[in-house]
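J.: Counting with the working numbering, you get residues 1 to 135 for the letters of the sequence shown.
Treat the hints with care, as some may be off.
[Claimed, not checked] Straight-line alpha carbon distances no greater than 25 angstroms define the calculated SDA-like cross-link-like pairs of lysine to any residue that follow: (1) 102 with 121; (2) 130 with 90; (3) 130 with 85; (4) 130 with 101; (5) 106 with 3; (6) 101 with 88; (7) 130 with 19.
[To be verified] Computed Cβ-Cβ distance ranges for the label pairs, DEER-style: (8) 134 with 46: 18 to 24 angstroms; (9) 125 with 5: 17 to 23 angstroms; (10) 45 with 102: 31 to 37 angstroms; (11) 5 with 45: 40 to 46 angstroms; (12) 46 with 11: 47 to 53 angstroms; (13) 91 with 113: 27 to 33 angstroms; (14) 2 with 45: 38 to 44 angstroms; (15) 55 with 129: 30 to 36 angstroms; (16) 79 with 53: 28 to 34 angstroms; (17) 79 with 104: 42 to 48 angstroms; (18) 17 with 43: 33 to 39 angstroms; (19) 54 with 111: 22 to 28 angstroms.
Hints in this document: simulated from the structure, not taken from any laboratory.
Quantities reported herein were computed from a predicted structural model and do not represent experimental measurements.
The beta-carbon is built from N, C-alpha and C at its ideal position, and this holds for glycine as well.
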Amino acid sequence: VLNLLEYYEAHPEKQAVLIFLDAQKAFNNLSWQFLIQQVEIMGFGTKFKEMIGTIYSYQKAKIMKGVRQGCPILPLLFILTMEVLLNQIRQRKEIIGLKSKKGEYKVQAFADDLVFFVEEPMESGTYLIKELEEY
Numbered sequence: 001v002l003n004l005l006e007y008y009e010a011h012p013e014k015q016a017v018l019i020f021l022d023a024q025k026a027f028n029n030l031s032w033q034f035l036i037q038q039v040e041i042m043g044f045g046t047k048f049k050e051m052i053g054t055i056y057s058y059q060k061a062k063i064m065k066g067v068r069q070g071c072p073i074l075p076l077l078f079i080l081t082m083e084v085l086l087n088q089i090r091q092r093k094e095i096i097g098l099k100s101k102k103g104e105y106k107v108q109a110f111a112d113d114l115v116f117f118v119e120e121p122m123e124s125g126t127y128l129i130k131e132l133e134e135y
């Protein structure tokens, strides 16, 4: 991040913003249908899919959305679904990330905390918002 800030300080003609986003109640809104779909698309296999189904379907109340409190696999499942959004943003050419000597940066994530690096925010920002709303 420091390298990015130094680069844009040296190029004041370029507009750049960092957008910090906390995905509010992200763990509670995890869609199980979406999760299972991503497990299949990413090729985790039948055993992993069955394991997840077993954890969340054999109980008094069937969980359709969200996760059990204190579930140790929760962060990994959330990251799995979040990767879909992150890849969409990274691959979208209309979203221009911040550039440094090492490449272009569009997004960094840690659990449900996201930082978006956007150059030309008036143009790129519109596409970023569309991706977030779609997700």
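J.: Do the beta carbons of residue 79 and residue 53 sit within 28 to 34 angstroms of each other?
T.: violated (19 angstroms)
J.: Given the hint of 30 to 36 angstroms, is the C-beta distance from residue 55 to residue 129 inside that range or not?
T.: holds (34 angstroms)
J.: Note whether the CB distance of residue 46 and residue 11 lies within 47 to 53 angstroms or breaks it.
T.: holds (51 angstroms)
J.: Do residue 134 and residue 46 keep their Cβ atoms within the hinted range of 18 to 24 angstroms?
T.: violated (29 angstroms)
J.: Compare the distance between the alpha carbons of residue 130 and residue 85 with 25 angstroms, and conclude whether the hinted pair is satisfied.
T.: holds (11 angstroms)
J.: Run the distance test for residue 101 versus residue 88: straight-line Cα separation, threshold 25 angstroms.
T.: holds (23 angstroms)
J.: Sort out whether residue 121 lies within 25 angstroms of residue 102, counting only the CA atoms.
T.: Given that 25 angstroms is the threshold and the Cα spacing comes to 21 angstroms, the pair holds.
J.: For the pair supplied as a hint, residue 130 and residue 101, is the alpha-carbon distance within the 25 angstroms limit?
T.: violated (28 angstroms)
J.: Check whether the Cα positions of residue 130 and residue 19 lie no farther apart than 25 angstroms.
T.: holds (15 angstroms)
J.: Evaluate the given range 33 to 39 angstroms for the C-beta pair formed by residue 17 and residue 43.
T.: holds (36 angstroms)
J.: Verify the CB-CB distance for residue 2 and residue 45 against the hinted window 38 to 44 angstroms.
T.: This hint holds: roughly 41 angstroms between Cβ atoms.
J.: Indicate whether the distance between the beta carbons of residue 79 and residue 104 respects the range 42 to 48 angstroms.
T.: This hint is violated: roughly 22 angstroms between Cβ atoms.
Violation of the numbered hints given earlier is confined to hints 4, 8, 13, 16, 17; the remaining hints are satisfied by the structure.
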